[in-house]
Amino acid sequence: MIYCPTCNTANREGSKFCNECGTNLSNVSLLRCPNCGDMNPSTRTHCANCGTRLVVQAEPEPEDLPEDEAPLTPAAAPISTEPTPASDEPEWLRQLRATVTTNQAPDVAAPVESAPIVTPSAIEPARDDEMPAWLQELHAATAPSHEVPPEPSVIEPPSATHSETSQPLEPPNADELPAWLSEMQPAVARPSEVSAAGSIEPAHEDELPEWLREVSESPQPSALSPQPTASMEQAPDAIQPTDEADLPDWLKEFRDSSTPTAATLQSERAQPTSELPSWLADLQSDEPSHAESEAAPTGELAAAELPDWLRELAPTPATASTEWSMDDVAIEELPDWLKPPAPAAKAAERTAPPVGADTLAPGVIPAWLQALRPGGIATASGDVIETSGLLAGIRGALPIEPSLARAHASEKLEPAPTTVPVGGFAELFAPQPPPPPVLLNRQVRQSTFRASWLALFVLIVFAAALAAFLPIPFLRDLRGAAITVHQPALDYYQTIEALRPNQTILVAFDYAGGTRAELDPQTRATLLHLLQNKQHIIALSFVPEGGAIAQDVLNGLNPANTQFAYPYSYGDTHINLGYRSSGDAALRSLADSPLQLAPSDFTGKPLSSWPLTKDWKSLSSIAVLIVFSDSAEQVSRWVAQVERPTGKLMLAGVSALAGPEVKPFYDSKQIGGLLEGVRGAAEYEVLVPNPSTATATQDAISYIVIALVAVIVLGILFSLLRRRAA
Amino acid sequence: MTRRVLPTAVMMGTGFIVLLGQFTQVDVFNTLYLPQLSSLFVNWASILFAFALVLGLLNLLAVHINRIRQRIEGWTYSLVLLATVFVVLCAGLSGVNSLSLNWIFRNVQVPLQATLLSLLVFFIASAAFRAYRTGSRAVLVMLVVAVIVLLGQMPLGDSLSLELVGVSQWIRDVPAVAGARGILLGVALGTIATGLRIILGVEREKFFH
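If you read the protein sequences in the order shown, they are chains A and B. Here the first sequence is numbered in the numbering used here, starting from 1 and rising by one per residue. Here the second sequence is numbered in the numbering used here, starting from 1001 and rising by one per residue.
To be clear, the hints were calculated from the coordinates, so they are not data collected in a lab. A couple of the hints might just be wrong.
[Said to hold, decoys possible] Chain A is faced by these chain B residues, among others (derived, beta-carbon under 8 Å):
#1 1046
#2 1076
#3 1077
#4 1105
#5 1106
#6 1109
#7 1111
#8 1116
#9 1176
Where a beta carbon is used, it is the ideal one built from N, C-alpha and C, also for glycine.
Just chain A, same shape as in the assembly:
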């Protein structure tokens, strides 16, 4: 499996791209064999070509290793600041390590004579412009300068090759360092301090772990910590406490037995191994004496005992420095770009090949950037098919290069026409009159068309009105003797005529002011007929304006205003309940309990106070229901909620517009009689007989209708003629 370095998704062996995020896996998942240079998957431990063990590998199990290659436990590797074995590392770190190791593997495994040394300082440091100011200053302060004469070093390097380059680094000033680096600085044993104190400062001991403190107290030089003997011999003096009373007993005994003097150190070297820890005894038994260790390179000693991951990082015997001081420990903790160039690296730089050779780490393009690299193939049709990257397989992707390389022709901007007479700076900003609107011929024609038609309407209406007030004799003669009465109006009249005197009639004024011209003649003629027959009238309305209309109609029926004589007294012969809330529920409530719906009349007096409604409890005392409405829906409600449940006889007077919809109720005998519009009122006036407003307006209505028909017909003819002319 190949693990994606971006999302850590496991992909099949040989996958070029990550199944999850599309990261290019071809560069990051292979390891270069240090022997033959063949690329191997990162999961392999040995090269598939030559069988060489690959550099980056998982930590072998302890039982699989020989005894001398057993991994060091933390107690056995006291000063190790190297990274943890691969098995303890996270996946991303292992991948990263594999990448770095792949690039450096040939250098590490190559012979020393032919391959240059790869040290952290050999890696090209970051450019100055990429570093912050304080770091540039620090870098300048710590950069090696060959012109600076070497200062006398206290710690003489054992190798003669380091005599020229092993100059102690000049530590930067504490003021120039950041806080975190300043805190780290005391923990590092500077050469100057070592030379001054001759030992490691005791204050550092508190910061060391227990295992490290034991090792530092013991004079045993480790292969991994080849401290100079001179320094180690003087170190116990520095950690000697001032007051022996402060020491615990065990430490006193220990102090007595291991007085850190040069003599005791020599004697300690001759101590039997039984007093030492087993792991230290093993190391002591195998290693040569301290004098021998100074002469022998450290790399040769530790090469066989170190694990693989430590062995690859160990310096080569011929070139790497055998010195391992606290400075080295601190330098290892620093990032690569911050590490000062090692003396060996500086020596290698003199002999290193020029830039571009194998000494430089090859530039690694990130996987996400590699995936975005365009790789299209232009087809014959001009389309581009992407062959790699995230857009692989997509046709017609935007070609970047041609778009960017195309020269953009700048449009020439014509100078704005100056319409303002330049007579001065103020005139330039003077408000200019808007340009005259461009009228299309169609708009001109429409405006003239509207004016002509408006004039035509006015003339026709005026003529019709004039003809209505000035009846034309030949039309009256042509019309005949009287208005033709239709069957619905006749049934309406006969129903009222058939009522006995002193019966109560419920009349609903369910129409608004817009249809009052049509329905007022109906109501006036009907109520007059009822009053003449000595019927009692209870008026109400389910339209907000209906209450006032009913009152107006009832007031107009005052005998003083008519030529007829009949009993007329509010509360005795008629009463107005006014407006009541509309809807099916109100009508149903009227059918069930009229007093619950209208406990008082429109003046606010209770119905019980009027003689006409004193004993009114239900609709059983109502002889006929007469509904005047301009809405067929309202008539339908009356039929459904009142006429059907109570079985009362119902008449209706409606507007001409609502007539066709109400007519079916008459045809089905749910309505006993029907008046439609002014014509129905005129028919009723003819039947009563009581010629009134409806009859008088019949001529005018006829003329207006004729005028409207004439306008429509003339308009159509005019349009036809104009279309033919066009």
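With chain A fixed as given, assemble chain B onto it according to the hints.
Chain B alone, transformed into the frame defined by chain A:
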């Protein structure tokens, strides 16, 4: 969940009760007092309707007060509207059948409504001519039918031709009523469908979002 489920449950329950309460002939429903509950809910609907009316009035006032405050174009009409509302409210404080309110109805609203309806004649004539300009044959049929009905309805129609009056009456009784009833049937079916969707909670998104 409470915001959506609870209103939907209340709506569905109320709808079912009102619907089943109309079946007064079913003994089971009478035993469960569904007709009484249905009548109670209908009365509540009247109260809610009145409350919604007041709420709408307040919203109307707020909108027009904002228009006046910000001097939006036409704000003078809003001022007239607010003044009218104030006057009518004051006139109706003594009751819907008060003399002052009836005076307003009689002298303001009724003439205005009559005027608007009278203008309808001119609108119809103009619309008829404009409809013919489209060149459609259906428009021509419509205009011919309109002329026939107008002539048959006028008082002089009987004197001109009884056949014309008969044709006019047939048009009003048969095609016009058929079309009107078709529209009513469609509206009724749509009302049933909408009512069922509301009762069954299908239309809850429209009402609760």
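- Task: Give me the numbers of the hints this structure contradicts, sorted from smallest to largest.
- Result: Of the numbered hints, 2, 3 do not hold.
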